[in-house]
Every structure is written in structure tokens, then in C-alpha cells.
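Peer 1: The whole structure should be built from the sequences, with the hints applied where relevant.
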Amino acid sequence: MTTALKALIRKELIQTLRDKKLRVVLFALPVVQLIIFGTAISTDVKKTKVTLCDEDRSKASREIHSILTAGEYFEITDINEDCRKSENLLYVNKAKILLVIPAGFEKKLQMGENSPLQAVLDGSDGSSASTSLGYMLRMFMEHQWKTWQKTPDIRLYSITPPPLPKPELQTRVYFNPEMESRFFLLPGIMTMILTIIVTLLTAMGITREKESGTFDQLIVSPIRGWELILGKTLPYLLIGLVDLLLVTLVSRYVFQLKMSGSFAAFIILNTVYIICMLGLGLFISTVSSSQGQAMMTVFGFLFPFIILSDFFFPVDNMPIFVRRLTMLNPMKYALVAQREIFLKGNGLAFLWDSVLILCLFSVIFLGYGAYRFRAGTE
Amino acid sequence: MFRRIYAMAWKESLHIIRDFRTLYIAFVIPIFLILLFGYAVNFDIDHIPIGICDQDRSMQSREFISKIQAGGWFEAKTVTSEPDEIQDAVQKGRIRIGLFIPSEFHKNISRGETAQIGAVLDGSDNGSANAGYNYLQLFFNEYKFSILRKSFLQYGIHPPAVPEIKPRILFNPELKSRYYMLPGIIVLITAIMSAMLTSLTAAKEWERGTMEQLISTPVRPHEIILGKIIPYTAISMIQSLISASVAVWVFELPFEGRIADLLITNLFFSIGALGIGITISSVLKSQLPAIQVSLIASMLPSLFFSNFVFPIDSMPLPLRILSGIVPAKYFLLMLRTIFLKGTGFSAYYIEFIFLTVFCFLVLAAASRNTPKRIL
Chain A
1 MTTALKALIR
11 KELIQTLRDK
21 KLRVVLFALP
31 VVQLIIFGTA
41 ISTDVKKTKV
51 TLCDEDRSKA
61 SREIHSILTA
71 GEYFEITDIN
81 EDCRKSENLL
91 YVNKAKILLV
101 IPAGFEKKLQ
111 MGENSPLQAV
121 LDGSDGSSAS
131 TSLGYMLRMF
141 MEHQWKTWQK
151 TPDIRLYSIT
161 PPPLPKPELQ
171 TRVYFNPEME
181 SRFFLLPGIM
191 TMILTIIVTL
201 LTAMGITREK
211 ESGTFDQLIV
221 SPIRGWELIL
231 GKTLPYLLIG
241 LVDLLLVTLV
251 SRYVFQLKMS
261 GSFAAFIILN
271 TVYIICMLGL
281 GLFISTVSSS
291 QGQAMMTVFG
301 FLFPFIILSD
311 FFFPVDNMPI
321 FVRRLTMLNP
331 MKYALVAQRE
341 IFLKGNGLAF
351 LWDSVLILCL
361 FSVIFLGYGA
371 YRFRAGTE
Chain B
379 MFRRIYAMAW
389 KESLHIIRDF
399 RTLYIAFVIP
409 IFLILLFGYA
419 VNFDIDHIPI
429 GICDQDRSMQ
439 SREFISKIQA
449 GGWFEAKTVT
459 SEPDEIQDAV
469 QKGRIRIGLF
479 IPSEFHKNIS
489 RGETAQIGAV
499 LDGSDNGSAN
509 AGYNYLQLFF
519 NEYKFSILRK
529 SFLQYGIHPP
539 AVPEIKPRIL
549 FNPELKSRYY
559 MLPGIIVLIT
569 AIMSAMLTSL
579 TAAKEWERGT
589 MEQLISTPVR
599 PHEIILGKII
609 PYTAISMIQS
619 LISASVAVWV
629 FELPFEGRIA
639 DLLITNLFFS
649 IGALGIGITI
659 SSVLKSQLPA
669 IQVSLIASML
679 PSLFFSNFVF
689 PIDSMPLPLR
699 ILSGIVPAKY
709 FLLMLRTIFL
719 KGTGFSAYYI
729 EFIFLTVFCF
739 LVLAAASRNT
749 PKRIL
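Top to bottom, those sequences are chains A and B. Sequential numbering of the first sequence, starting at 1, is according to the working numbering. Sequential numbering of the second sequence, starting at 379, is according to the working numbering.
Calculated from the structure, these hints are not laboratory results. A quick note: this is a predicted structure, and the numbers were derived from the prediction, not measured. Do not take every clue at face value.
Using 30 Å as the maximum straight-line C-alpha spacing, the simulated DSS-like pairs for lysine-lysine come out as follows [unchecked claim]:
no., chain 1, residue 1, chain 2, residue 2
1, B, K750, A, K59
2, B, K470, A, K344
3, A, K108, B, K544
4, A, K107, B, K455
5, B, K445, B, K485
6, B, K554, A, K94
7, A, K166, B, K528
8, A, K146, B, K750
9, B, K750, A, K21
10, A, K108, B, K663
11, A, K20, B, K663
12, A, K166, B, K485
13, A, K150, B, K522
14, B, K522, B, K544
15, B, K663, A, K166
16, B, K455, A, K344
17, B, K445, A, K107
18, A, K258, B, K470
19, A, K49, A, K85
Peer 2: Structure representation (C-alpha cells):
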């Protein structure tokens, strides 16, 4: 390492870390973010507001009432006899589900017929609607199971009740036994934080020097081109790695997310990924003349990266041509591999192809960025 | 006062028009994003790849296999009698669910004993694991009752009557995920683009030293803020109207409500989102931190605290309270109501009041952080 390079790295680190606001942005904000969102993330749908339209007002309809409110999934907000009034509550966002207990409900049950209840759901918030419909169906099936197990009919009709078969489903969930949505999202949040910080820092950091004119001073100094590139990127690599360790520690000790894969694979994967994003930032800085432009361009890249990364939106569900498009997204490889390291416990033996592809992206981004960067300094 | 605000707004508009590329990007990105989102985002999960290990090879097990594929939820990629093969396929991610039917399954059913079916799920997969689990439970419950019903009938007994749920879905009968995701995406794009647009304005003036010049003129702080906000409000409104039109025309999102409602709610949300950006900008006074903070302050709340993907009602109480100050939550509710339900103000007047108060507060905060004189 040459003295010029050392000096440049020192200058860059001092310049970045001296700024108190930037220090907060770089190190405190990611942690706060991770804690808030780690706590917030859950796809469970609890306390869904149900309005009941009870036209029957019988013992059976009161039983329905108690079946629904048994867990913490449903909350009955009001009981009406006029179904039109109840349905209107769905239109004005006062309830999510309307359950209609039709007149003659109890009579039908006593006559031994299955009696339908109508559940009207608010489809404008469809994901919650389908989840809570699932809960509701399951609750009523449990009720059915209990009723059928009692089988009063059997005791009435035969002297020795014949045994009924009991099919049972024994489920085991691999890699994330409690099905905590937090666990599959936390590794993704890490990758996302890293992506945003590293790319913005590099792209805007270099554009800032261009804007303030100090960049020209650097060019006329005896620093060579490659030293300038390394001096501008290495400090950010360092900051990125520190951030990564910080969020990993927080997920470990606040959210009990254990890294079941190898630590070496984790470091290698993320270093390669950070270099890739540094290259992208460098490239963006060469095509932007103001920080505003740099910001917009970074955003134009990162937003599609995030959408197509399998973070919130499952890639498997996308149409085929979009799925092909995701193959051009470095963040997808990094994010999926990150999840595999944390949840599946895979090491480099499994992930070498993702790391290799990321290396390729790094070479392309950094190479092209450096080429344009040098062309711009001459 | 209006003359000074007008002058500020004119000055700011010139800045915007001269930086043509930023303006261009500001209009192209929303179109690009809404197209990408509309095509890519799909939560309708079906044909989940599963594998079945059938060691029973009986009529019952074959019936089970054909039933599980009939609903369209699951697609059996492999049917074998080797358990290891299924384990391996789950580990490698080729199938999401592996089912094991043990060899004594049909015997246990006919003897009236507990007959187990084993299932292993890949929990590392985002979303489809959860959906797969729920579908599997629903399917198995139905299967269970069909078996029971059969043995009831065998003994000549009428199965006991039970209440049944008949679902009907309003506003989105087929529960298309696109319909409820698109309004969320419009909110997300508007929130982020607006906050980013203004997050640089005040900071840029501080960095260049022109803020001191502005302060020395007779313009008052709130006039600076209002003047800066006005041209950006126009851009932000155009942006979200572009997104809304693409959603309606390209992706056939129903539009049941009135355009006037959309315009008014959109106006206030835009002002609020722009206000967030300008407040951050005036507090931090430097572009790089301002952009980082406003990206986080706009994107993450509108993703996490808006009912977009994660329901707020299931969060712990402190976070539910925190979500009260997220304007995206109110705007998303309004958009879903306007697009899908077609109900007017009566459905969201409380939320609308909150949104207006929010706008007023952020603009006040931005003005307070713009000094009257230089110390």
C-alpha cells in the first residue's frame, strides 16, 4: 500500500466519521431500524373486527359467538339484527368481516341439517382477509371435529359404538421451526440496509467532492488513478462491514436469530456483495453531476433491486419473464444466500455459485465504474 | 405575503426546470416502478411444489394423493417410496413440502385407529411456507372429514349437523393480490419520491451558502418553506396521478370512487410527504445525511406501518401507537376505499383530519428549523 493511498483512506475515514450527523446515520440508524422492524414484522392477523348480524338470536347463535371469540384472532365489535346496517360497516371501514347468522339457524341444526353461516369479507385488504378467513374456517372445523367426536348418534343407534378412524397430520417445519416470519425477514433486512448505505455513501460521497470542487484538487495531486479509486472505495467497504457486524449482533442478541451456517461464508459473501455495490456507486457517481442526480439514479437502481430480490415479494410467484429478469439482480443472490446461511446453515459448499455470480457482478460494476471514473479524471 | 411566497415558488420552479435530468427521472421512475411492481408482485400462491413418499401403496393413499392435487393448491413433483429422496428434495429447495404416508396408514384407517401422515415444510422460504402450511391444514381438515363421513355412513349413521362457513368477498371477489397491492404501491412510490425530492432543497441552500442570502431578504421562514413546497406539490401530484392511471389502465385496477376524492386526499398526502423531506433537510442542513434519513423515514414506515404487507393490529402496543403518526397508513386506507369500495368521505373522515393535522405539523416543524436571522 502506497503512502498516497494510506493518506487518502485516512482522509476519507476522517471526513466521513467526523460528521456527527453522518455517524448517527451510518451506525445508530441501522440498529434502530432493525429493532423497530424486527419487532413489527409479523404476518399474523389478530384482532380482526367482526360485526355480527344475528337474525336467529338463539342458543346456537350464542355458541357461534363464543367459538369466534375463543382466540385472539377475532373481536366482535357490534351485534345487529339488520344485515344492511352491518354490511354498511364494511363500506365505511368500521369492520373487516360481517358474519350473518340467518333466521332458523338453530332449527335447521336441530333437524340434523348442516346450516350455513355467511361470512362477508372486506377484500380491499385482501391479504388480511384471506388469512383471517383461513383462521375462521379452521376454528369451525375444530368445532366440527369436537361435535363429531361426541357422536351422540352412535350411542343412540348401536349398543357398542364402533371405533372411528382418526387421521392426523404431524407437521415439522425445517430451518425455521416456529414459522416466525421475523426469521425469514431479518437476514433480508440486513442485506437491504447494507445495500442502501454502501451505494448511497459511495455515489453521493464522490459527487459531493465533484460539486465542491475538491475533486479537481485531488486529480492534480500526485495520486494515481487506481489509488484514487481504492482510496474512495476501501473506507466505505470498512464502514459497510462494521455495519453488517453491528446488525448481526443486534439480531443475535435482541431477536435470537442464530447464524446456523459458517461465519467465513457469511463474511466472504457480504464482502463480495459490498464490493459489488461499491462498484455500482462508483459508476453512478461518474454519470451524475450533482448529489440530487446521484440520489435519483441510486434510487432508480435500488428500488427494482429490492422489489426483485425475493425480500417481500416471492420471486417464485412472478411471471416467467420477470423471473428471468431477477437473474440480473445482484441483491437477489446476496439476499437468498444470506437467508440460507442464517436459516439453512449452508456454507460455501452450497453457496459457491451465488458468490461466484456476485464476483462477476463486482468485476463488471467496479471495472466499468473505474474505467469511466478514470476517463473522467483525465 | 403571497407575493413573497409566489416569488419563492417561482425561484424554486426555475431550479427544478433547469435541472432537467432530475425532473425527467422524477417522472420516469414512478412509471417504471408501477409497471415493475404490477407485473412482478403476486401473492396468489398456487401450485406449491410438493413431494409425496407413499409407503402404504393402498387405495386410501392413492386417493389421498389424487385429492391433494385436485384443489390446484399443490402440485406433486415426485411420488416415490423412498423417504430420503423427499428429505433431499426439501433440503435442496426443489419442493416446499414433503408428505410421508406410512405403510400402516390404510390398516389404521380401517381399524378406526390414529392414522398419521407426516409433513415437513421448508420454513426458510418467504411467504409460501406460511401459505403452504395454511393450505395444508385446510386440505387435511377436509380430508379428515371425508374419511369420517365415510365411516359414519358405513355404520348407517347420519353425521351430526354443524355450522358451515360460506364466504363471500366484497370489493375484490376473486381476492386478486394485484388489487390490494397496487394502492399500497402508489402510496409507497408517492411517499418515497416526495420525501426524496424535497430532502435536498433546504440542505442544498445551506451547503452552497445561499440560505444566508435568502434569510437576509424580507422572506419569512414559513414563506420560504411554503414557496419551496408549492412547485414540488405539483410534481408529486403528477407523479402519483401517473401511477394511479397506469394502475387503472394497464393493470385494470377498479376505480369505484370519485376523482375529486382522489385529488384531495392525494394533495394532502403529497404535502405531508414533501413536508417530511423538507423538515429533515432543514434540520440536518447537509445533503448526504438528509437523503439517507429521508429514504429511511419514508420508505420503511410506508412498507411496515401502513397495513401494506404487515397488519398493524397484530403489532405490540407501542408500535401500534407509533403507527398513528405514519401518514402512509391513512392514505393507503383512503386509496383502497376510493379505488375498490367507492365510498366517500364518510368512510375516512377521521383519517383525513389526522392527515391534515400531520401536514400542518410538519410544515410548522420545517419553518421552526429555518432561522429568522443568522447568529
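Peer 1: Each hint: holds or not?
Peer 2: Hint check results:
1. About 71 Å separates the Cα atoms of K750 (chain B) and K59 (chain A), which puts this hinted pair outside 30 Å; it is violated.
2. With a C-alpha separation of about 10 Å, the suggested pairing of K470 (chain B) with K344 (chain A) holds against the 30 Å cut-off.
3. With a C-alpha separation of about 16 Å, the suggested pairing of K108 (chain A) with K544 (chain B) holds against the 30 Å cut-off.
4. Between the alpha carbons of K107 (chain A) and K455 (chain B) the distance comes to roughly 47 Å, so the proposed pair goes past 30 Å and is violated.
5. Annotation: proposed proximity of K445 (chain B) to K485 (chain B) holds, straight-line Cα distance about 19 Å (limit 30 Å).
6. Restraint check for K554 (chain B) and K94 (chain A): the C-alpha separation of about 22 Å stays at or below 30 Å, so the hint holds.
7. This hinted pair checks out: K166 (chain A) and K528 (chain B) have alpha carbons roughly 12 Å apart, not beyond 30 Å.
8. The suggested pairing of K146 (chain A) with K750 (chain B) is violated, with an alpha-carbon distance near 73 Å, which exceeds 30 Å.
9. About 23 Å separates the Cα atoms of K750 (chain B) and K21 (chain A), which keeps this hinted pair within 30 Å; it holds.
10. Between K108 (chain A) and K663 (chain B), the direct Cα distance comes to roughly 72 Å. Violation of the 30 Å bound is thereby established for this hinted pair.
11. Among the hinted pairs, K20 (chain A) with K663 (chain B) is consistent with the structure: their alpha-carbon atoms are about 12 Å apart, no more than 30 Å.
12. A distance of roughly 12 Å separates the Cα atoms of K166 (chain A) and K485 (chain B); the hinted pair therefore holds under the 30 Å criterion.
13. Between K150 (chain A) and K522 (chain B), the direct Cα distance comes to roughly 16 Å. Compliance with the 30 Å bound is thereby established for this hinted pair.
14. With a CA separation close to 19 Å, the supplied pair K522 (chain B) and K544 (chain B) stays within the 30 Å bound.
15. The suggested pairing of K663 (chain B) with K166 (chain A) is violated, with an alpha-carbon distance near 69 Å, which exceeds 30 Å.
16. Restraint check: the Cα-Cα separation between K455 (chain B) and K344 (chain A) comes to about 22 Å, which is no more than 30 Å; the hinted pair holds.
17. Simply put, K445 (chain B) and K107 (chain A) have alpha-carbon atoms about 34 Å apart, too far for the 30 Å limit, and the pair is violated.
18. A C-alpha spacing of about 21 Å is found between K258 (chain A) and K470 (chain B), which places the hinted pair at or below 30 Å, so the restraint holds.
19. This hinted pair checks out: K49 (chain A) and K85 (chain A) have alpha carbons roughly 15 Å apart, not beyond 30 Å.
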